[in-house]
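Student: One-letter residues, chain by chain:
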Amino acid sequence: MATVEIPADMELVYKYPESLTEAHTHYCPGCTHGVIHRLIAEVLDELGVRERTIGIAPVGCSVLAYYYFNMDFAEAAHGRAPAMATGLKRVSPDKVVFTYQGDGDLAAIGTAEIIHAVNRGELFTTIFVNNAIYGMTGGQMAPTTLPGQVTTSSPYGRDVETAGFPIHMAELVGQLPGAAYVTRQAVLDVPGIRRTKKAIKLAFQTQLAGLGFSMVEVLSTCGTNWHMGPLEALEWAKEHMVEYFPLGDTKMTDRVRALKEGK
Amino acid sequence: MAKELWEGNAAIAEAAIRAGVEAFFGYPITPQTEVLEHFSKRLPELGRVFLQAESEVASINMVYGAACAGARVMTSSSSPGVSLMQEGFSYIACSEVPAVVTNIMRGGPGLGNVQPAQGDYFQAVKSAGHGDFHMIVLAPANVQEAIDLMVLAFDLAEKYRTIVMFVADGSIGQMMEPAEMPPMRPVRPPEERPDWALTGAQGRKPNIITSLYLGAENMERVNLRLQAKLKEIAANEVRWKEYSTEDADLLLVAFGTVGRVCQTVVREAREKGLKVGLLRPITLWPFPSGRIAELAEQVRGVLVVEMNAGQMVEDVRLAVEGRRPVRFYGRMGGPIPLPDEILPEMEKLDAECR
Amino acid sequence: MAKGMVLINEDRCKGCGLCVSVCPVHILRLADGRFNAKGYRPVEVTDPEACTGCAMCATICPDVVFTVYRQRRKPKQAAATA
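Residue numbers (my numbering), protein chains in the order written: chain A, 1 to 263; chain B, 1 to 354; chain C, 1 to 82.
Bound-form chain A, shown alone (with noise of 0.2 Å):
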């Protein structure tokens, strides 16, 4: 790129985080992971944390994250990211700690391991992407996968009478006496993004002053295997996730609250 000369008045106000790793990413064009994880590298950046944050990625398709992200990473098997960031977090209680899982991995297959991980309270972070589908492994079925959506294993819609109902993850965390914080934002305009950023900094937040879990789910699209583009699904999820997955906070303790206010 040729050099650019910056007129002296200007000042910069958005650049690449350091949290971030210069790679490119392998997401499809319009793919709010993207948007996620920058979200993330910000926050980190601006709590200038870093160097003591490990993360987690699930299996699915931000199963390569640790590609990018700037900082130590493991990789679970599926689902099991909440009992790895556990035994993770135990031994290493001055490092940060957060999962990074899809829908599949989170509201299926670790079910167990998430539920149990709020539930005692333990002090890491998720950060939880519902696209209501299975991405990388072609478009299928997910839990949280809407009433009537056709998806490449339910060809006919998704039937709640044989396929069950989409799972409300942020709802049903947030009841769990283990969890600080946990909220359902969404990635799909520029004021949801700045809330989402706001909920995941807050989220960290709470790790760093030891209040409990906190988790921040966030809606997300997956224009390749919904078949639209990326603005079109941006809208699509819009008009139809958000209505099934309301927005806000599920959870939020006084002392979540007392932290907010005091920012």
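Note that these hints are calculated values from the structure, not bench results. Don't take each hint at face value.
Chain C side only, calculated, beta carbon under 10 Å to chain A, not exhaustive [said to hold, decoys possible]:
no., residue
1, Ala2
2, Cys16
3, Val20
4, Thr67
5, Tyr69
Listed next, the in silico DSSO-like pairs over lysine-lysine satisfying Cα-Cα at most 30 Å (straight line) [as the list claims (entries may be wrong)]:
no., chain 1, residue 1, chain 2, residue 2
6, B, Lys205, C, Lys38
7, A, Lys198, C, Lys74
8, B, Lys348, B, Lys275
Glycine included, every Cβ here is placed at the ideal spot set by N, Cα and C.
Knowing the structure of chain A, use the given hints to seat chains B and C on it.
Tutor: This is chains B and C only, laid out in the frame that chain A set:
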């Protein structure tokens, strides 16, 4: 340190504590539960980590996480619980983090029962999980050896960055014997954790621990590295004990509790004029194949005795390579083969090989 | 004189067009007949002078393509004399 009376399961846990274990994650299952109970009492008073997990699946993944942090860590279970852990074994083996797992074997298959058995030999030695790997498998025959091998288990796990399984049948877990504990090793402070561990990328490049290698050549390279390590382990870490083999012309091979019973068989057989010797494998993987092959040249026949339908006997046959007859006697589901059952088998072998 | 300025790391761009959809002054478009190293039509600025440095493009970009500068606020009198 003086000898004290120790129950096998508590001794295993205490030996791990003396060896500097920093964390234990586990789930109750008979006949292993006393291991977990001992840790639950001792680790908190020492300021170390004890956590009762929601399942064996979670336990092994907690072990995996703590091992990634470079902590000395273990879990324990019994047969059905160990089956649940197999996913984790494979990930740990491929990721090359050190971990120790204890299996206090019970009767199977299925839910089986809670009687002592050795039916998990194949699982431990040959099919610990998906993909090409082996665990180092240590099999004690008494409480003192259980203590000594537990300390060794951590040293081997860390030396080779591998998974070590400690297998004992329920009778060793439940029996009480006088034994001597090693002195308490200091716990390694967090700042001395190994340089590959996930400790936060402070002033260095990030460490990544993964078992995912998408490219064919990449995955093969990792496999070749793992195989080279296994070869090194096989060359350096084979352990066994021999009893009266110097002049033996009949050989018994047995491990764990049965190995101990067979010491009596050797004595009684010799009283009857049969020159019987015993080889008791201590490492089930790597297996003492070389020594068994040597002894096969010396003896007329081999009898393998196990508390299963005949599992280790396959490895003995592979070692003997048809040089001599290899016969098997076993009991399943709880009964321990006794000398007066084994001795007639020995006499049959003697007659057959005359 | 532009109030803001964006730098575009073209090779990171996957041409998803999300930035184009959110730019409030409509000065972004996907290149026509030009491709980056990945084979996508990268985003480009049509009218740099109109940029406000609002960073909405950077906020929605999944691939961290943008670096954004914005004109400093005029220093207050007190600060200027200090």
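Student: Hints numbered earlier in the text: which of these fail when held up against the supplied structure?
Tutor: none
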